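The residues making up each chain are set out below.
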Amino acid sequence: MDMNNEELPKDKIEQAVFDALKSEPRFELPANFADRVVAMVDAKVKQKEAQMDRWWLAAGIISILGAFIYAYASVEFKPEVGVFTFFSGYGGLVIFGLVFVIALHLVDKLLLKKSQESG
Amino acid sequence: MSNDEMVDDRALVSRVLSGDMQAFRTLIKKHERLVVHMVGRLVKHDEDREELCQDVFMKVYEKLGDFNFQSQLSTWIATIAYRQAINHVRKKKMQVADLPDHDSALAAFVSPDRADELAEQDIEAYLLKMMDMLPVQYKAVLTLYHLEQKNYAEIGEITKMPEGTVKNYLFRARQLLKDKATKYLGKEEWI
Numbered sequence: 045m046d047m048n049n050e051e052l053p054k055d056k057i058e059q060a061v062f063d064a065l066k067s068e069p070r071f072e073l074p075a076n077f078a079d080r081v082v083a084m085v086d087a088k089v090k091q092k093e094a095q096m097d098r099w100w101l102a103a104g105i106i107s108i109l110g111a112f113i114y115a116y117a118s119v120e121f122k123p124e125v126g127v128f129t130f131f132s133g134y135g136g137l138v139i140f141g142l143v144f145v146i147a148l149h150l151v152d153k154l155l156l157k158k159s160q161e162s163g
Numbered sequence: 114m115s116n117d118e119m120v121d122d123r124a125l126v127s128r129v130l131s132g133d134m135q136a137f138r139t140l141i142k143k144h145e146r147l148v149v150h151m152v153g154r155l156v157k158h159d160e161d162r163e164e165l166c167q168d169v170f171m172k173v174y175e176k177l178g179d180f181n182f183q184s185q186l187s188t189w190i191a192t193i194a195y196r197q198a199i200n201h202v203r204k205k206k207m208q209v210a211d212l213p214d215h216d217s218a219l220a221a222f223v224s225p226d227r228a229d230e231l232a233e234q235d236i237e238a239y240l241l242k243m244m245d246m247l248p249v250q251y252k253a254v255l256t257l258y259h260l261e262q263k264n265y266a267e268i269g270e271i272t273k274m275p276e277g278t279v280k281n282y283l284f285r286a287r288q289l290l291k292d293k294a295t296k297y298l299g300k301e302e303w304i
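As they're listed, the protein sequences go chains L and U. So in our numbering, spot 115 of the first sequence is number 159, and the numbers just go up one at a time. So in our numbering, spot 187 of the second sequence is number 300, and the numbers just go up one at a time.
Hints are computed from structural coordinates only; laboratory data are not their basis. Just so it is clear, the structure is predicted and the values come from calculations on it, not from any experiment. Just so you know, not all the hints are guaranteed correct.
[Stated by the list, open to error] Only pairs whose alpha carbons sit at most 16 Å apart, straight line, appear in this in silico EDC-like list of lysine to aspartate or glutamate:
1) Lys157(U) <-> Glu68(L)
2) Lys142(U) <-> Glu58(L)
3) Lys291(U) <-> Glu58(L)
4) Lys242(U) <-> Glu68(L)
5) Lys172(U) <-> Asp86(L)
[As the list claims (entries may be wrong)] To give a feel for the contact side, a few chain U residues facing chain L, derived at Cβ under 10 Å:
6) Val126
7) Arg128
8) Leu130
9) Lys142
10) Lys293
Cβ atoms here follow ideal geometry from the backbone N, Cα and C, with glycine treated the same way.
Working from the sequences, and respecting the hints, build out all of it.
This is how it looks when you write it as structure tokens:
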């Protein structure tokens with residue numbers, strides 16, 4: 045190392061300066077520092093994975109809707125038979141049912157998240 | 114660095130990249146002293162230091178895939194620590210960019226009132242206070258050379274300064290401290 049080529053400090057001043065330069069900063073990290081950083085990295089990785097999952101879910105929903113519309117258009121489907129005839133008389137009820145089920149799942153997810161955070 | 118150490122680092126990095134968190138824990142423990150030295154010397158406020166050390170290792174994890182072993186792992190981590198610390202200091206609007214010339218640096222180094230206050234402490238505490246007042250690049254160079262035993266080329270790589278500038282800063286920083294120590298000890302002799 046370069047320092048080996050230098051003369052060692054001989055007098056009091058040089059010794060004092062070199063001693064000060066060799067002294068460590070008065071700052072220490074907590075003993076569990078590594079664990080905390082690893083936990084933060086873990087949380088970040090999970091957050092990224094959750095975001096990716098949401099993207100896949102959105103892509104899946106769009107694909108299914110696209111496929112449904114394509115199938116509906118290509119077979120010229122008409123809701124005039126069986127169960128579809130029954131539902132056509134209760135459009136409002138069907139929409140309410142769908143909204144209710146989705147809202148129920150959302151509330152369930154929010155409550156589950158809160159209970160996980162507090163627990 | 115020995116070949117064994119390089120092989121160890123390669124193995125460690127490869128384990129971290131494959132998602133082994135225990136390996137990352139080992140990497141942190143192996144290099145936390147280096148980061149503590151850099152952040153502890155360059156950043157003044159205790160409350161910011163720990164957070165900054167966390168940020169350094171988060172960045173290390175994020176960028177580890179880009180590390181190509183062209184330098185030592187410790188040199189690469191020191192580069193990240195230096196940049197993070199410098200960016201933090203800049204955010205805090207402290208003096209960073211322009212280094213004063215030798216005379217004005219010496220003049221601004223410490224006010225007489227401050228010197229009197231500090232003169233009551235022992236020489237090492239006094240010199241540490243003086244070191245704390247040096248421009249941030251001086252402190253970085255001193256820390257890397259004296260605490261981390263990095264050579265001029267490595268310090269240049271970490272700080273992106275030419276080797277000549279590194280040598281110059283080292284010389285000037287030590288000279289400033291020697292001047293202060295001379296004054297301090299001269300004063301002590303009179304007492």
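Do the hints match the structure? See the list:
no.: 1; hint: Lys157(U) <-> Glu68(L); result: holds (14 Å)
no.: 2; hint: Lys142(U) <-> Glu58(L); result: violated (33 Å)
no.: 3; hint: Lys291(U) <-> Glu58(L); result: holds (7 Å)
no.: 4; hint: Lys242(U) <-> Glu68(L); result: holds (13 Å)
no.: 5; hint: Lys172(U) <-> Asp86(L); result: holds (14 Å)
no.: 6; hint: Val126; result: violated (15 Å)
no.: 7; hint: Arg128; result: violated (13 Å)
no.: 8; hint: Leu130; result: violated (13 Å)
no.: 9; hint: Lys142; result: holds (5 Å)
no.: 10; hint: Lys293; result: holds (9 Å)
When held up to the earlier numbered hints, the structure conflicts with 2, 6, 7, 8 and fits the remainder.
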